[in-house]
Structures are given as C-alpha cells and as structure tokens.
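Line by line, the protein sequences are chains A and B.
So our numbering is basically just the index in the first sequence, starting at one, shifted up by 421.
So our numbering is basically just the index in the second sequence, starting at one, shifted up by 157.
It should be emphasised that the hints constitute simulated quantities derived from the structure, not laboratory data.
All the given hints hold, so there is nothing to weed out.
One side of the interface only, derived from the structure: several residues of chain B facing chain A at Cβ under 10 Å:
id	residue
1	545
2	552
3	554
4	556
5	557
6	564
7	566
8	567
9	570
From the three backbone atoms N, C-alpha and C, an ideal C-beta is built for every residue, glycine too.
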Amino acid sequence: MSLLEIKNLHAQVEEQEILKGVDLAVNQGEIHAIMGPNGSGKSTLAQVLAGKEEYEVTEGEILYKGQDLLEMAPEERAREGIFMAFQYPVEIPGVSNVYFLKAALNAIRTHRGLEEMDAMDFLVYVREKMKVVKMDEALLNRPVNEGFSGGEKKRNEIFHMSVLDPVLAVLDETDSGLDIDALKIVADGVNSLRSEERAFLVITHYQRLLNYIVPDVVHVLIDGRIVRTGGKDLALELEDKGYAWLEEPLGAAETVST
Amino acid sequence: MTTTMTASDTDRFVGVFDTFEQALPASGPESLRRQRRQAIERFSHLGFPTLRQEEWRFTNVGPIARTPFSLDVAVDGVTGSSIQAFSYEGTVQLTLVNGRFVPQLSDLDSLPEGIVVCSLGEALEKHPEKVEPHLGRLASFENHPFVALNTAFYGDGVFIWVPRNQVVEEPINLVLVGNPSGDPIAFFPRNLIVSGQSSQVTVVEQYVTVGEGAYLTAPVTEIIAEDNAVVDHYKLQRESTQAFHMATFQLQLGRDSNVSSHSISWGGGLVRNDVNAVLDGQGGEATLNGLYMVEGTQLVDNHMRVDHVAANCDSHELYKGILEGKGRSVFNGRIYVHPGAQKTDAKQTNRNLLISPDALCNSNPQLEIFADDVKCTHGSTVGQLDETAIFYLRSRGIGEEAARSLLTYAFAADIVERIKVGAVRRDLEEFLFRRLPKGDIVRQAV
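Using the sequences and the accompanying hints, generate a full structural model.
This is the structure in structure tokens:
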C-alpha cells in the first residue's frame, strides 16, 4: 500500500473546477515532484492535501496510510504526519515562533502517544534543528514570520518541518522567489530529512530546485490533470521544451471528450 | 429605544444631598463645600444623560437612572483574604471599600520618605494646601452628570503627592472594592495624584467586586503631572457584571512631562470610561492605551478626549477591543488641537475584533484641528480573525479552538506587552488564559 493514494481527484473553488481527475501514488521514502505551468492546479492540490476548506472535493478520494484523508481536519492531518510548507507563510504578530512550535510539537506528540516535551528538552531539540536550516537564533524568538524576509519565511517553513518531523511533507513552491543561497539552504534542509520513512511531494514551477533536490518521480500537471509521469530526466526535458508540447494533446483530448 | 428620564430619577440624588452634606466632617476647605453645592445644582439641571445626547447616544444609562441606589454604604464586609488576589507583593496598597478608605486592608509600610499617600479625607485634614488647588479644578462637571454626581457626593478616595525630583520605584496599588449587600448602593471615589516637577511614580488602580448585587461606582481620578514628571497609570476594571461603572480619568500634563495610561476593562455590566488628557506645556507626551473585552451583554464605552493646548506635544492612543457574545463597545476618540499648538503629533488607533456575529461596536474618531503645522492621524478597524492564519496554525497541528484563542491573544498582545508593571501584566495574561478556550495551549504558545 502506498503512503498516499490520490484517485480521480476533482476539486473546485468558488464553483470553478481546478482539479479534473488527478491520480497519484507516493510511497514512503520517495520524493515526487509536481511541475506545471501557472494555473494548472498545483497549489490547489497542496491545499486540498492540507485540508483547506475553501477547496471543495467533488469527486474521487485521497487515502493516507489507508485512511480517508478528506474526512480529517487540518490539525488531525498534521498530527498524523502531514506537513505543508506554505507558498505564502502567514505572519502572526504576537505569537512567538519558538513557543508556538513547542505547542504544535506537543499537540502532535500527544496525538502519537508520546510524552510532551518540556521547555529544556525542547530547546536542546530545537537548537539541533536550527543548524540544519542555518536559522538565526533571533528568528526563533520573534513572532511567527513577522518582519521576516521572503527567504527567511521559506527557511522558517523548512525549520518548522524539521521540528515537526512529518511522514509526508508537501512543499508548495517553496523555491519561488529565492536566491541561490536561500534555495540551497532549503534544498539542504529537505535532503537532510530524506529518509526511508518519509516521503516528499515537491511542488514547483521551476526546474532549478530539482538540481538540488533530486526527485524519484516527476509528474506534470496541466489543466487539473497529470499528463505525464517520468523520472528525474523529465524535469530537464521540460526545462528544454517548456510545457506547450504537453498541453496540445490534452487540449485535443478534451475536444474529443466534450 | 430612547431613555425617558423622569424628574424623580434625578431627584433621588438631589433630594438626599442636604442630608449627605450635613453628615460631612466640618473640617476641610470651604471652597470644596461650595464646589459640591455647585455640582449638585449642575446635576439637577443636567439630569441623567439620554440617547438623544451626542456623547451618550450608544450608551443607555437608563438602568442606572431607574435604580434606587442607596448612599449608605458599609465598609466592614470585606476581609483581607477576599482581596488577597489583588495585592502585589511588597507594594504599598490602599484599599477602599465602597468608596471609603479602610486602613486595616491597606499596607503603607514600605512608603518612601517624602511622598504623601493617604486617604483623601486625611489629606483634606492634614494637607489642605496640597489638595485644594487641584481637587475638582480639572475634571469638569459642567457637561458631565456623573462627574457632577461624584463632585457632589464623593466620600473619600486616595491622595498621592510626590515631591519634586523624587522617583518612586515601586508601583502604588489602589484597590477599590465594591461590596454590595442587599439593596443597590452607589459610591463615588475621588482620587487625586500630583506628581511634582521631575518626579516619577507608577499607580495601579483596580476596581474589583466582593459579593453579589447591583451597585454603581462613579469614580473620578485626576492626575497632575508637573513639568518633566513621569507618571504611569494602570487601570484594571475587573468588577462583577452586576456593577455599573461610570468613570472619569482626567490628566493634566505639564511641560516635558510624560504620562501613560493603560486602561484594561474586562469586568462590569455597563462601563463608561471618560479619559481626558490636556497637554498644557510644550514637550508633553501622553500615551493612552486600552484593552476592552466584552461578552454576554456587557457594554464598555471609552470616550477619549485629548486637548493639545501647547505646541510640540505628542499623543498616542491605541485602544483595542475583543467582543464576544452580545457584547457591545463604543469608542469615541476626539483630538482637539488648539490654535497655537503647532508641531502637534497626535495618533489615534482603535481596533476591534468581533468574535461573535451578535457583538456590536461603534467607533468614532473626531479630529478638530485649529493649528496649521500638525500631524494628526487616526485609524479605526473592525474585523474578524484571519481564516488564513487559523488554517496555518491548524496545518501545524494546533486544534481549531486553540488556533482561534491563540490569534485572539495575539490581537491583544501588543497592549499586554506595553504594560511595564510585571504583576499587572501577569494578571492580564492570566485572565486571558482563563477566558480563552484552550487557554492552556495559548499559555504554552506565547
């Protein structure tokens, strides 16, 4: 059984269908990349996985560890090991980055039948994780994302991910807008967390990230459907040719079906 | 609905004035007796306010007008243990029960040399020359029925006088206890704080309830910050929801003085805070912060007026409200820049968080500017919790209720953080942790 199985997923927002039948299976230990042009539904897929309510699933199903993911509240998904790195991390003035993370980790640990971590143990644990993403200690004590630069926000997402120790991590265009140094830090963070137990779904608009995070499988999402799946070389092919050569046959297929 | 005020509502107070006055101690300056008589005459003319009056159009004081309050108050119904929670370790504390100073419940042991801290009654006997020039000179009863009632009927209060150049390190804690028993009572505490030139003092004023029952407390606190003085004032309104609270807080700022006021209201059923600051000397700076939280059918009305009389003064107002249930709030912020008050820098912000769809807030900024080289800004917002932020928190494993509470706490956090007295800040934090659902998670996360 795959860790994540998406079957014929249709989703809409404000009555506009965005996902039009997505099929995808991700096994533990694998990194899958999802690429596609703007508006193809990449972010919608990430949001549906994380449980955002504005996105209405009209057809299909998602199984996570064999369970019906769509029945679970966003916090349950997180406690069961799903983490989504946001494309636009939210600033939360008044809530300390580190204390919030402690509350989040303890919510997850409690759910998993582990003891809550006390302040001392947590600090030791967090310091370890900070090294991975080269986080400045000052960002730890600031309110969540408040006044962070774009790069710092993305790095903070990877930091949250490493602390919360997910089973399935979904990265929603975490690379967008990053300079090469920040991109490498994000990639290093992901690579250091790569393991047999963990799977990644890396959503990106740009092939460049995949030079640093080498995926096992690459999917191309166009107009709400996965139109092609291949190995890491598919990403390079896309870099060369763009998406147009994949869009056309799909357009033709649509004409036939309607 | 408009409130119809019958003559008898007003007469209830006017009719007992003579008896009240005769029972007052014979000592004390004659000018203050005259002031009382002028005040009751004024009240008799003004009557209780109605919704037809601009300054009261959202705050219906009909329930106060209709209640037959008694001015006969007992002061022996409160024990030390019942107000233990309001004491701060190692600080000077003055306790008033139903508006009267109670020495047994007070602690003046650690009072520094030179400073005068006592009941208003004692001050009028021992230091009339320090009291008379100020008392009633600032808070005007001309157009304010509750200031008029207070001026006519104040029985006691607190007097604080800090000599020039003296810095009082520890805050002075005033605990004003409402102790109703049986029939509704009314009392009118009168506090006067005079901070001399280049002095510094911090005062905490807590309004609390011990016992059950309706009552009216209509305090007036006047603060005079003389030139270069620094005064920090904290008001915690934590009375029971059976309390009517109609307060006026009057600030006079001298040259280069710096006064901050932090007004926290979470108690009381019907609460009105009039906060008036007069910047009378150049270089004065007034910071007026507030946080109000209403639920059930509570109403809190904050009526601010800042008078920039002198040039080169700053005022900053930040008031925030959290409204739940059928709670209501009123914010009226008037900034009045007088002719000649050039280089005024006045900023006013009022933010409201509506937790419940049945809550209601009115926010009304008013700028009147009669100088041409000034900077005045105001902003007023009413909003709900940010659903994107809630989703973000939930996606990290925080439950929905806890996420909402966390964001509600975060909304209040900048007011909490501005509180410099640790004990007051902790009181407010603890209140929030208790009040907010899943407060234990909030406690852990902030």
